[in-house]
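Student: Model the full structure from these sequences, guided by the hints.
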Amino acid sequence: MKKQGFQQPTFSPCGIKDVDFGRDVKVIEPCNLYGCEIGDRCFIGPFTEIQSGVKIGSDCRIQSHSFICSGVTIERGSFIAHGVCFTNDKFVTGKPSPNPEDWDETWIGEDVSIGSGTTILPVKVHSGCVIGAGSVVTKDLTFPGIYAGNPARLLRKL
Amino acid sequence: MKKQGFQQPTFSPCGIKDVDFGRDVKVIEPCNLYGCEIGDRCFIGPFTEIQSGVKIGSDCRIQSHSFICSGVTIERGSFIAHGVCFTNDKFVTGKPSPNPEDWDETWIGEDVSIGSGTTILPVKVHSGCVIGAGSVVTKDLTFPGIYAGNPARLLRKL
Amino acid sequence: MKKQGFQQPTFSPCGIKDVDFGRDVKVIEPCNLYGCEIGDRCFIGPFTEIQSGVKIGSDCRIQSHSFICSGVTIERGSFIAHGVCFTNDKFVTGKPSPNPEDWDETWIGEDVSIGSGTTILPVKVHSGCVIGAGSVVTKDLTFPGIYAGNPARLLRKL
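Chains as they are written, first to last, in my numbering: chain A, 97 to 254; chain B, 97 to 254; chain C, 97 to 254.
Everything labelled a hint here was simulated from the structure, so no lab data went into it.
Among the hints, erroneous ones may be present.
Since the list gives no way to pick one copy over another, a pair counts as held whenever it fits inside one copy or between any two copies.
Taking lysine-lysine pairs in the DSS-like style, the calculated list, with each CA pair at most 27 Å apart, reads [what the hints assert, rightly or not]:
| no. | residue 1 | residue 2 |
| --- | --- | --- |
| 1 | Lys235 | Lys113 |
| 2 | Lys235 | Lys220 |
| 3 | Lys113 | Lys151 |
| 4 | Lys151 | Lys220 |
| 5 | Lys235 | Lys253 |
| 6 | Lys220 | Lys191 |
| 7 | Lys122 | Lys186 |
| 8 | Lys235 | Lys186 |
| 9 | Lys191 | Lys253 |
| 10 | Lys235 | Lys122 |
| 11 | Lys122 | Lys191 |
Tutor: Rendered as structure tokens:
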């Protein structure tokens with residue numbers, strides 16, 4: 097790594113750009129929201145990032161420090177706790193793809209609860225599922241239940 | 097999800113509100129601290145959130161990106177590294193409870209060290225415990241030791 | 097914990113201080129970067145912290161919410177996804193050491209991809225490695241492969 101001398105990078109502020117908000121949404125700043133849809137009565141906590149193309153239904157809470165990437169849809173009434181990371185790129189070629197066509201999608205049903213510190217690979221999660229804190233969800237969750245662990249496994253049906 | 101048209105949400109800045117600080121506390125902003133007690137000589141890093149009712153004893157460090165929820169007490173001299181998430185709601189009814197009476201409490205003893213990227217379920221952690229980075233603590237840690245993993249297990253006594 | 101009365105702590109803003117930037121770097125603020133080297137054409141996302149002594153080669157991406165501690169070197173072309181935590185202090189004495197001489201170093205080779213929500217203990221990671229989201233890397237990764245889990249294990253060679 098060669099010393100480059102002190103040069104000035106391009107600094108841009110995070111912020112809210114091209115977001116389609118429903119009614120009575122509450123947002124705590126700073127957060128970085130762009131090109132996404134956020135439904136009625138949602139709450140968006142501080143230090144969150146929500147990328148372009150994300151669709152969030154009504155009455156969802158996205159708590160502080162969570163990151164929601166392109167390709168994610170979250171249906172109404174779901175709760176995304178603190179520090180939850182979604183993903184869309186499984187690095188199948190051995191590295192990140194810059195091409196959105198290579199990214200996978202995630203679908204989170206209605207009234208899903210995702211605990212803090214959880215990581216979600218590109219999956220489908222059935223409505224009503226509960227995912228324990230600190231989990232890593234690597235496969236579709238196809239029926240309502242409580243799931244936890246790395247990888248997340250069924251603890252009990254609901 | 098029906099397109100809602102571009103409406104303006106309520107934006108609020110994060111910040112410091114109704115915090116009872118001890119002497120010689122250092123805070124790096126932005127952070128979101130409200131309704132909590134923070135003891136003498138604590139350090140609070142950037143991108144942290146500490147919720148109402150939290151009590152933090154003297155000489156603690158709460159490093160960047162950590163989230164400390166209502167119901168948590170941390171005794172003097174403890175070290176909470178980066179990106180640590182506490183929790184209080186075990187979703188026992190199958191979804192988050194809006195009622196604080198349903199939330200569980202967490203107690204962290206004196207001189208506890210919690211590694212980065214760790215998630216803490218509502219538990220008691222004995223004074224002097226060390227918790228490795230990336231752990232998920234699901235049960236009380238009842239004697240001093242080094243614990244790690246998901247779920248966290250004893251590696252060796254101290 | 098004795099009630100201290102409402103005292104005013106020292107508030108400092110996070111920011112960019114003493115950073116040696118290469119050419120054409122892009123930074124999204126707020127972030128907390130100090131005393132580090134960041135190579136040509138790097139991207140640094142919002143809500144990141146990069147500590148003193150860190151060296152990041154050219155053409156790297158450090159995504160939102162990631163934390164890179166003192167003692168870490170990342171070679172050119174590597175991708176650090178969202179919410180990745182590095183560590184340098186293994187608490188070997190049973191608590192954090194304030195002395196940098198007690199901290200361990202981490203080396204990340206070229207073209208390494210580290211998935212979101214991953215925690216990295218002080219290790220060496222061979223060039224070309226892929227680390228799945230939500231992993232905890234506790235040992236050196238000595239040849240190119242896809243690794244995942246807590247602790248991270250080889251899924252397949254590359």
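Student: Run every hint past the structure and note whether it holds.
Tutor: Against the structure, the hints come out as follows:
no.: 1; hint: Lys235 x Lys113; verdict: neither (32 Å within a copy, 41 Å between copies)
no.: 2; hint: Lys235 x Lys220; verdict: within (8 Å within a copy, 29 Å between copies)
no.: 3; hint: Lys113 x Lys151; verdict: within (15 Å within a copy, 32 Å between copies)
no.: 4; hint: Lys151 x Lys220; verdict: within (14 Å within a copy, 38 Å between copies)
no.: 5; hint: Lys235 x Lys253; verdict: both (16 Å within a copy, 22 Å between copies)
no.: 6; hint: Lys220 x Lys191; verdict: both (23 Å within a copy, 18 Å between copies)
no.: 7; hint: Lys122 x Lys186; verdict: between (32 Å within a copy, 25 Å between copies)
no.: 8; hint: Lys235 x Lys186; verdict: both (13 Å within a copy, 22 Å between copies)
no.: 9; hint: Lys191 x Lys253; verdict: between (37 Å within a copy, 14 Å between copies)
no.: 10; hint: Lys235 x Lys122; verdict: neither (32 Å within a copy, 35 Å between copies)
no.: 11; hint: Lys122 x Lys191; verdict: between (37 Å within a copy, 21 Å between copies)
The structure shown violates the earlier hints numbered 1 and 10.
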